[in-house]
Each structure stands twice: as C-alpha cells, then as structure tokens.
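Undergrad: The primary structure of each chain is shown beneath.
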Amino acid sequence: MISRRNWIRYSGAGVAASFIPTSHASQGRVVVIGGGFAGASVARELRRLNNALSVSLIEANAIYTACPLSNMVVGGHRKISQQQFSYAALSADGVNVIHQPAVDVDPERHLVTLRDGNTLNYEKLILAPGIDLDWQALQGYDKTAAELLPHAWKAGPQTTLLRDQLRSMREGGLVVMSVPKSPYRCPPGPYERASLIAGYLKQNNPRAKVLILDSKDSFSKKPLFLSAWQSLYGDIIEWQGESDGATVTAVNAENRTVSTDFETVQADVANIIPPQKAGKIAHLAGVTDRSGWCPIEPVTFSSTLQPDVHVIGDAAIANAMPKSAFAANAQAKLCAVQVTRLLNGESPVHGKLINTCYSLVAPDYGISVAGVYQPGEKIWTEIDGAGGVSPADASRETRAVEAAYAQRWFDNLTTQVFA
Amino acid sequence: MLKARISVPARARQGEIMAVKTLISHPMETGFRRNSLGQAIPRDILTRFECRYNEKPVFTATLHPAVAANPFIAFHVRAQDSGKLEFIWTDQDDQVTRVTRELTVDPAA
Amino acid sequence: MIRTINRRNWLAGAGTLATLTVQPRLLAAVSEPVQSVLKRDFPTAEIQPGRVNIELPALAENGNSVRMKISVDSPMTPTDYVSFIQIIAQANPLPDVARFDLSHANGLAEVETRIRVSAEQDIVVVAGLSDGSLWSGSAHIVVTVAACLDALY
Amino acid sequence: MQATEPDPATAVSVQACYGCHARPGTEANGLVSFSARSALEITNKLKAYRSGELTSTVMNRISRGYSPAELESIAAHMAELTANEAPCSR
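Chains as they are written, first to last, in my numbering: chain A, 1 to 419; chain B, 1 to 109; chain C, 1 to 153; chain D, 1 to 90.
Some hints here could point you the wrong way.
Claimed, not checked - With a cut-off of at most 30 Å between alpha-carbon atoms, the simulated DSS-like pairs for lysine-lysine come out as follows:
(1) 3(B) x 216(A)
(2) 3(B) x 222(A)
(3) 280(A) x 69(C)
(4) 69(C) x 222(A)
(5) 84(B) x 222(A)
(6) 3(B) x 39(C)
(7) 39(C) x 84(B)
(8) 84(B) x 56(B)
(9) 143(A) x 216(A)
What the hints assert, rightly or not - The calculated label-pair distances, taken between Cβ atoms and stated as ranges, are:
(10) 226(A) x 40(D): 39 to 49 Å
(11) 139(A) x 11(B): 20 to 30 Å
(12) 91(A) x 9(D): 23 to 33 Å
To be verified - Part of the chain C face toward chain A, derived, beta carbon under 8 Å:
(13) 58
(14) 59
(15) 142
(16) 144
In case anyone wonders, no lab produced these hints; they're calculated from the structure. Keep in mind it's a predicted model, so treat the numbers as computed, not measured. All residues carry an ideal CB built from backbone N, CA and C; glycine is no exception.
Bound-form chain A, shown alone (with noise of 0.2 Å):
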C-alpha cells in the first residue's frame, strides 16, 4: 500500500496551499474537526488501523487543554500545564494536524473550508467538535460576563481564573456555582468541582460557603456526593435543586448576583455553568437538530442529517453514554473501526462500549461510574444488570483507591491520546 498522506502538504501557519485534489484517485481521504478526546483519538486511531489512510485532524488550538481533572487545578492541587497536550505524536504518527479553525463544511461537496479560505475534500468527515456555550440561554450571561463570573467549562484561562477568583476572595465569602439541566458536558462534573472548592475552602478560608444552585432535581452520583460532603466538609456546601425553587433564570455579573425564580443571591465567586450546545461547526455543517446537538445513526455514529459525515463525543447524542472523555475515547474508537471498514466496503461492527468516569471528592477519594452500552436499532442504551456507581459503604480506603484510579486514568488515556 502506497501512504497517501501527502496529498496534503500543510506546514505551518500562512503556507500557501491547494486543498483540492487533483482527482478522486485517492481513495481513504478522512477529515476529522476537533482535537479534543475524541476527535484527536479517532484520527490516530484511524492511522493505526490503516496507515494508508489521508487522515487530517483540523483543531485550531496548537495546544490542548484538557478538562477531566481541570478541577484539581481549581481546587490547588494540579497546575494546568499538568492538563495541556501538544499534537506532535499525532503529526509523528502521520496524521496531517491543522491549526487552523475550520469556518464551513458543504456537505454536498464534501468539502471543508478553513479560515484561510482553503478547502479540504473528504470521503469521510468526522466531527468532533465538543461544547460550545450557549450565550443566549442565561438572562445576562454573555462572554463578557464569563470574564467576571467564569464557568470554566472548557479548561484553559477560564479555569485558572476560578482558581484565582478563590484565593483572592474575601474571608467568610460565599461561591455560587450555578448548574444546568441535562444535558451538558461531564455530569458529575459540578459536584466534583463543588466538592474540591470546599476542601481548598477548608483550609484556607474555613468560615467561607459553597452554594449550589441547581436546575434539576437528581444528579450522578447523587447519594455518595452528599454523603461524602458531610463526612469531609460539614455544612461548607449547601446544595439546592430544582424542587426547592433553586433554577438559575438570571446573573448580574458587575454586581455578581445570581438570580432564581425566587431569590437574588450575592456572590463573592460565582461560577456559572451554563447550558451548551454542540460546537458551532456542527452547526454550520448541519448536523444538529432543534436541541443543539447531533443525532446519529448508534452503530456507525453516523449523522442522521448528512450523509459521509460521523459526529463523535460531546456533540453527539449518544443517549445513555454520558458527555465525558472516556465516552469520547471509546466513541473514537468504535468510529474509527466504522470509517475504516465502510471504506473498504465492509459493514459495520455491532460493538459494545464502556464508560468509566471517577470524580474526585478530595485528592484521595475518589467515587466512579461505569456503564456497558450497546447500540439499538435507534439510540445507545445501557446494559442491564451492568454499571452503576461505587457502594455507598465503601472504605476511605477503597475511595483513595478510586482516587488512585482517576489519576491514573488520566495518565493512561492521555498518553493513548496524545503521548
């Protein structure tokens, strides 16, 4: 087999460069949008399974900050460059990375448009395109407010700007963190969050409060995280859900106050998590539905909208696999063995796939979630019988161990990823 990877030659920023293939000779050509979890693992795993594959990975960040244990770094206990990835080994294992933001995809044409204006044609287009914020869902929420009251949902200077907003604040002061409906990126992630901002409070500013208000009712992992809280932070944190009237309708964000349907609350940090949507390409591609995110085909991840065109991770609706970087990585996977077989004209895989997400409520516990998921004729449904959460007994010793785990978690996937 003959590598076709240099059908595109891109060298850096301002290269001058045709996009346009000189023919459709070229078979295997893949295009992947988005260099997080999902869309960096698929491309490198579309190389590994056919290194005679064109793969491109078009990701506009030179670098990658990534956002499971990002909380750490706001609780003190990890410094973000510990989160941040550079897409070398991807380069070095023949995937063609683009820095660039793709502007436009015409999926008739199979074409993609980058901000320079130049065009890559794909046979197959994987997107990957994660979470994009959704401005308009919060009464006086806007990019500008998120300078003042960050969300940090996407892990970077916004995460590092929490963190600050905490040391800096004043003693006895209160956090408001403000969380969505479902569904949205790392569900467990709030609590997690919650949970290591009351152990950097604990020590440091131990009459300060954590207060969550909540648009829903239940959340993952509900019964270990409020039992873990008392154990470890007494009444630091105060948890309110929809039913005790606790939906965030509006913020304020020069007076830092936090609106619900009942009350107006002064913050001295708030950290509003808003709604989301998928990432704005998806959009612009027209592989989203009337809820923001992108249906899909469960066998093949395939968008039900567009043809030649799989959206993976975040973005996708993936119904019972939640919106977390493991799912995304075995998304990747599964879809990467799709890509390739269909290419070659042989029919998909009828694969189960795994998620395992821990969430840290101190540095040394840990608590988890897995689930077994096949693909139904319509959605991704859980096995039966399979996954579920930690005990509720569980020792400290089994929670450190768990936390042992998420660590190494970490280690283990972003090495797979990005090492």
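Guided by the hints, dock chains B, C and D onto chain A, whose structure is given.
TA: Showing chains B, C and D alone in chain A's frame:
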C-alpha cells in the same frame, strides 16, 4: 399545610403587570408507579391551584398527574388596588394549603 | 436503561403545526389520545392553528420535570382576552396535563410550569379566547431517561 | 507468532478496555496491565468479577455487561495482543 414559596412584588404601580411565581412541596404521586415490592403506589396529587386578588379569583389551574412533583406555576396579574393576594392549593382529598401576601399599589405615574 | 419512543406520527416535523380542526373528516390527523381529549372538551368548536407560542426543550434527559412556557398572542383587554390554556401530552399514560383559567386581570397571557413527559412526543396546547375561538400549537420533545434516575410513571 | 484476526466486535471491546488499561507495549501508566498474563488467567479473573467471587471497584460492574463467551473472546484477544505487542506498539 405544605411548604410553599411565592415570588410576587410587595409594591407595584396601578396597571403594572406583575410576575407571580409559585412553588409548593408535593410529590404529585402519579398512581402509575410501583414500589420495590411491585405494589402500586396510590395516586396523591394536588388537583387545583387558585390565586385570588382581594377575594376575586384571577388565575386558576387544574392539575393532573403529569404536572411535575413540587408544582411550579408562574403567571401574571395586573396591579389594581392595594390589598391581599391569596394562593390556594387543594389536593385530591380537599386538603387546602393557603398562603397570603400583602400588596401595596401606588397610583399610576 | 433508556427509553425513547417515537410517536410523532400525527404531526410531521418539529415546530410545524397541523390543523387540529375538530371535525370528523380531520380528526384522523391527530393521535387518538389527543382526539379523545379534544372531543371530550371541545365537542363542537373548531380549533385553528396559531397564536400559541411554546417554549419547551427539544431534548430532555429527565422527563420527570420539563420546564414549559406558553404564551398566547392576545391584548388581554376586558373585551379580548385568553380565557384558558390547556396542555395535552399525547404519549403520556394520561394525556391531560393541566388547564389554566385566565382573564384580562392577568394582563399578559403567559404561563410557565413543569411537566412530566414519558416519551418522545408532541406536546399540544389549546388556548381559548374570550370570543369563543380556539387556537392551538405544539412542540416536539425527545426524552431519554437515564437508569440512575427515579422511575417516571 | 502471528496474531489471528479476532472477530471485529471483540476487537472493539478490547479497545474499550484500553480506556483504562495500558495498551501492550506502552509504559505501565495505566491500571493493571496484562503483561505476561495468559488468556486463561484473564478469563478466570473476568469471570470471577462477573460472578462477584472477586471484588474490585469498577470491574464487577463492567464485566456484567458481557456474556461469559464474550469475556473469553476478550481475554483471548488481549493475551494475544500482549504476546505480540506489535499491533499496538506505541
């Protein structure tokens, strides 16, 4: 008496349209669920909500099991005269929960 | 376990509105549960599409509580106002959800509540005006119920 | 030794395992690696997790998502990949 939360202005100008929000703690048990032993859990719901403004009904709601637990109902009322806003929930056994708020109405500007 | 049941057969497409005219020849256009509610509550009147605006999430991960806002185009004057707003969920075990009775004293024909949605479906809203005319709207919703959450019905 | 082609569904399942466990040939930075374990050892362990005879954190919950036959195929393929290392050499 159930626990209720009301959001309504204490003061308004005559003619002003006031937002009213109500929330009451109630399971709204549908009657369709079964417990862990497989026995049907009997229906237990609020069936009616009413808002009276100086004794006059201005908003009523008929509720069925498909209203979510801890019913939340928001609506509007036009401010007319100072007086009393009453919020009345009635369950399927005619048990009543009543909450009252005083309202001061200033003349229109 | 996850459930999504497709029962959007009677209304094609999200946000679009079929005529809900309650006349024998048109009744076939709406699903049987909605038909029975309409026949029971509005045996003679004609229902026109329009005037009813619904805010409902297109996708809910927990059908136990879905926030819904309904507004009806109306001046809400003593002679021209909305007298009621009724919500029907055709795929629920009971299609009746709630009915709100209003008058010009409300000033604004807008109500918000939280409902239970047991499956993917079109939620239908019928509004009655002071002149006796009936108007309707609908909104499509997909529901997935995650296993860790409480049983819905 | 030449790796035999596993059935595709098994290959997919094994890749999912590598979400936590280090791939053969990579540094041991994942959880328990399968180096030097035979197919039988892995099968027995997975079945013991499935039955609850052996307890762990997430493995009891995950193994119950597969039939005993699926676990056998997964174990066989894992052992083979470990023995060969080449197919996953990064």
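Undergrad: It remains to establish, for every hint, whether it holds in the given structure.
TA: So, going through the hints one by one against the coordinates:
For the hint pairing residue 3(B) with residue 216(A), the CA-to-CA distance comes to about 19 Å; that is within 30 Å, so the pair holds. Simply put, residue 3(B) and residue 222(A) have alpha-carbon atoms about 24 Å apart, close enough for the 30 Å limit, and the pair holds. For a cut-off of 30 Å, the pair hint linking residue 280(A) to residue 69(C) stands: about 27 Å separates their Cα positions. As the CA atoms of residue 69(C) and residue 222(A) are separated by approximately 28 Å, the hinted pair is consistent with the 30 Å bound.
Distance check on the hinted pair: residue 84(B) and residue 222(A) sit about 41 Å apart at the alpha-carbon level, beyond 30 Å; violated. The suggested pairing of residue 3(B) with residue 39(C) is violated, with an alpha-carbon distance near 37 Å, which exceeds 30 Å. With a C-alpha separation of about 39 Å, the suggested pairing of residue 39(C) with residue 84(B) is violated against the 30 Å cut-off. For the proposed pair residue 84(B) and residue 56(B), the alpha carbon gap of about 10 Å is at most 30 Å, so the pair holds.
Between residue 143(A) and residue 216(A), the direct Cα distance comes to roughly 24 Å. Compliance with the 30 Å bound is thereby established for this hinted pair. The hint said 39 to 49 Å for the Cβ distance between residue 226(A) and residue 40(D), and at roughly 43 Å that hint holds. A beta carbon spacing of about 23 Å between residue 139(A) and residue 11(B) agrees with the range 20 to 30 Å that was offered as a hint. The hinted window of 23 to 33 Å between residue 91(A) and residue 9(D) holds, with their beta carbons roughly 32 Å apart.
Checking residue 58(C) against chain A by beta carbon gives a least distance of about 4 Å; that is within 8 Å, so the hint holds. A hinted interface residue such as residue 59(C) counts as satisfied when its beta carbon comes closer than 8 Å to some beta carbon of chain A; here the least separation is about 4 Å, so the hint holds. With a least beta-carbon distance of about 7 Å to chain A, the hint placing residue 142(C) at the interface is held under the 8 Å criterion. Interface restraint check for residue 144(C): the shortest CB-CB distance to chain A comes to about 5 Å, inside 8 Å, so the restraint holds.
Figure legend: structure checked against the earlier numbered hints; hints not met, in rising order: 5, 6 and 7.
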